[in-house]
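Enquirer: So the chains spell out like this:
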Amino acid sequence: MLVTVFGSLIFLTILTVVSSRLDLGAFNVPLAMLIATTKAALVVGFFMALKYDNRVNSLVFAVGALFVIVFLSFTLLDTAFRGDLPNTTKGTIMEMDAAEAALQARQDAGPGAAVAPVPPPATH
Amino acid sequence: MAQPAAGQPAHLKHYFVSSDQQFDAAKMGMWLFLITEILLFSGMFVAYTVYRVWHPEVFEAASDLLDWKLGGINTLVLLGSSFTVAYGIQRIQRGDRKGLIINLLLTLLCAAIFMGIKYVEYSGKFEAGIFPGGNFAPVGDYHGHDMANYADILFLPQFFSIYFVMTGIHGFHVLVGMGVFTWLVIRSFKGDFSPEYYTPIELTGLYWHLVDIIWIFLFPLLYLI
Numbered sequence: 001m002l003v004t005v006f007g008s009l010i011f012l013t014i015l016t017v018v019s020s021r022l023d024l025g026a027f028n029v030p031l032a033m034l035i036a037t038t039k040a041a042l043v044v045g046f047f048m049a050l051k052y053d054n055r056v057n058s059l060v061f062a063v064g065a066l067f068v069i070v071f072l073s074f075t076l077l078d079t080a081f082r083g084d085l086p087n088t089t090k091g092t093i094m095e096m097d098a099a100e101a102a103l104q105a106r107q108d109a110g111p112g113a114a115v116a117p118v119p120p121p122a123t124h
Numbered sequence: 001m002a003q004p005a006a007g008q009p010a011h012l013k014h015y016f017v018s019s020d021q022q023f024d025a026a027k028m029g030m031w032l033f034l035i036t037e038i039l040l041f042s043g044m045f046v047a048y049t050v051y052r053v054w055h056p057e058v059f060e061a062a063s064d065l066l067d068w069k070l071g072g073i074n075t076l077v078l079l080g081s082s083f084t085v086a087y088g089i090q091r092i093q094r095g096d097r098k099g100l101i102i103n104l105l106l107t108l109l110c111a112a113i114f115m116g117i118k119y120v121e122y123s124g125k126f127e128a129g130i131f132p133g134g135n136f137a138p139v140g141d142y143h144g145h146d147m148a149n150y151a152d153i154l155f156l157p158q159f160f161s162i163y164f165v166m167t168g169i170h171g172f173h174v175l176v177g178m179g180v181f182t183w184l185v186i187r188s189f190k191g192d193f194s195p196e197y198y199t200p201i202e203l204t205g206l207y208w209h210l211v212d213i214i215w216i217f218l219f220p221l222l223y224l225i
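For the protein sequence lines, the chains are A and B, in the order given. One point on numbering: in the numbering used here, the residue at position 102 of the first sequence is 102, and numbering is uninterrupted. One point on numbering: in the numbering used here, the residue at position 201 of the second sequence is 201, and numbering is uninterrupted.
Only chain B is shown next, with the shape it has when bound in the complex:
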């Protein structure tokens, strides 16, 4: 790899004119990737919409089975983590490396809380026999609902198939984000980032905000209406 010319910052690749140009190119590449992510999730949102249009009453009954308090807390937690990422970027832009590390760690904490609540939700459902698709076999009592009343509702398994696929793939994105943030924390400790160079944090931030936006739509669609 060619070394940057004398007087050029170490992060600058030789095929870019300036740091700004390199930053803008990376950012646009990230936006293009985010579009593919949006289209990945839009397939699931379209499936949700089609089945909801066909069986609206099933989806309303099913949303009563989901705990809006847990979903709501998770929404606030994820919004909080989006805030800490945005604030962390503002910190490093002003040269505050310690502030960046604290905010990245807070983001990781929020993500861990989110996954913890998701674990509680999933395990509660599995105990009540709420599995996706053909394995749907509700038993016992779930959040005060007698699951026997739900065994014969047609198309209810379909709702939970959609629920598990959408929240599952979203949760996978949260896990991936946690991995990347861990890597960013390590690099921050090493002093890799400065007001002149924080591209990986900016791009990971964009990814994280998109994961947040997906949840902003999933929460009302699955839990509330």
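So that you can see chain A by itself, here it is in the shape it has in the complex:
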């Protein structure tokens, strides 16, 4: 059985090299990660024998994997979306709302109407 697992790991290694030589566009990275995860699962399940081991060790491993997922996804929630929000200027949200309301008032009054100039958002 160890030989079968070893053979599968060799096959998957060749597969990941071959697939990376082909240009699969957006699928390049997910496919490589899928193959790597499959290989890791084989090593954990059979070489490390977690499949046949005391269940408490599986729990330890699962909790560790969960923390890695939390670490990665919550970091990406920050870094992958930086600059996507409009309210990251130095003015506060209330000041920006006031400036927007003033702009709206000037637009409602129509062209040529004498209205007070829009106050610039205060900077801190």
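What the hints contain is simulated information worked out from the structure, not anything from laboratory work. Don't take every hint at face value.
[Claimed, not checked] Simulated crosslink set (SDA-like; lysine to any residue; CA at most 20 Å straight-line):
| no. | chain 1 | residue 1 | chain 2 | residue 2 |
| --- | --- | --- | --- | --- |
| 1 | B | K125 | B | F172 |
| 2 | A | K51 | B | D24 |
| 3 | A | K51 | B | L32 |
| 4 | B | K27 | A | V44 |
| 5 | B | K125 | B | Y150 |
| 6 | B | K27 | A | V56 |
| 7 | A | K51 | B | E202 |
| 8 | B | K118 | B | M178 |
| 9 | B | K118 | B | V165 |
| 10 | B | K118 | B | F217 |
| 11 | A | K51 | B | Q21 |
| 12 | B | K27 | A | N57 |
| 13 | B | K69 | A | I10 |
| 14 | A | K51 | B | I35 |
[Stated by the list, open to error] A short list of chain B residues far from chain A (calculated; beta carbon distances all over 10 Å):
| no. | residue |
| --- | --- |
| 15 | G124 |
| 16 | F131 |
| 17 | V139 |
| 18 | S194 |
For each residue, glycine too, the CB sits at the ideal point set by N, CA and C.
Assemble the complex: chain A is given as a structure, and chain B must be docked to it using the hints.
Expert: Then chain B, alone, in the frame of chain A:
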């Protein structure tokens, strides 16, 4: 230290009920240690992911600079060493001490080949001026790539910082593993291990498989995509 009670095996500590309980406790302790290792490396994997999301084109260009053949051979070598460890444990479980020693020596050989290839890769990069971070100053020709074309790519030094830190710390783990395996070979020759007691080999095996898993992810991330 209290001696084991009469009729108890020599390896059994007096505070454990049985060999099985002692073995399970040691193994769970090792898994907990492995989790801290996973979290150590996950910090680096997160750094890799963040910078890749920011500059994917740089990472694709950089992976062309790494030799996938050397990385691929190293992957096979490390998988082979994982196999010999797992097989060696199976041997000692069946009382075959000679088989265990042969497999441990094969594991050491694979680890040495891995580090040798890593040495070739690193020295090739240093000759081409590929250093981490601010020391990045590519010159000349590297694997058929004119390094002058790479001097001005923004964030390329960042990739190689990540490359050197990740492979460096991984390589350090391989070296530590080689030290522990050497100690295990010596103890095996002394006849310390038997089907009833092979805990150090089992735990070192777990560590070694984890080092293998880290490389399973590093290889495609750095060399292929």
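Enquirer: Against each hint, give a clear statement of whether it holds in the structure.
Expert: Structure-based check of all given hints:
no., hint, in the structure
1, B/K125 x B/F172, "18 Å, holds"
2, A/K51 x B/D24, "15 Å, holds"
3, A/K51 x B/L32, "17 Å, holds"
4, B/K27 x A/V44, "14 Å, holds"
5, B/K125 x B/Y150, "13 Å, holds"
6, B/K27 x A/V56, "10 Å, holds"
7, A/K51 x B/E202, "15 Å, holds"
8, B/K118 x B/M178, "15 Å, holds"
9, B/K118 x B/V165, "13 Å, holds"
10, B/K118 x B/F217, "16 Å, holds"
11, A/K51 x B/Q21, "19 Å, holds"
12, B/K27 x A/N57, "8 Å, holds"
13, B/K69 x A/I10, "14 Å, holds"
14, A/K51 x B/I35, "17 Å, holds"
15, G124, "20 Å, holds"
16, F131, "26 Å, holds"
17, V139, "28 Å, holds"
18, S194, "19 Å, holds"
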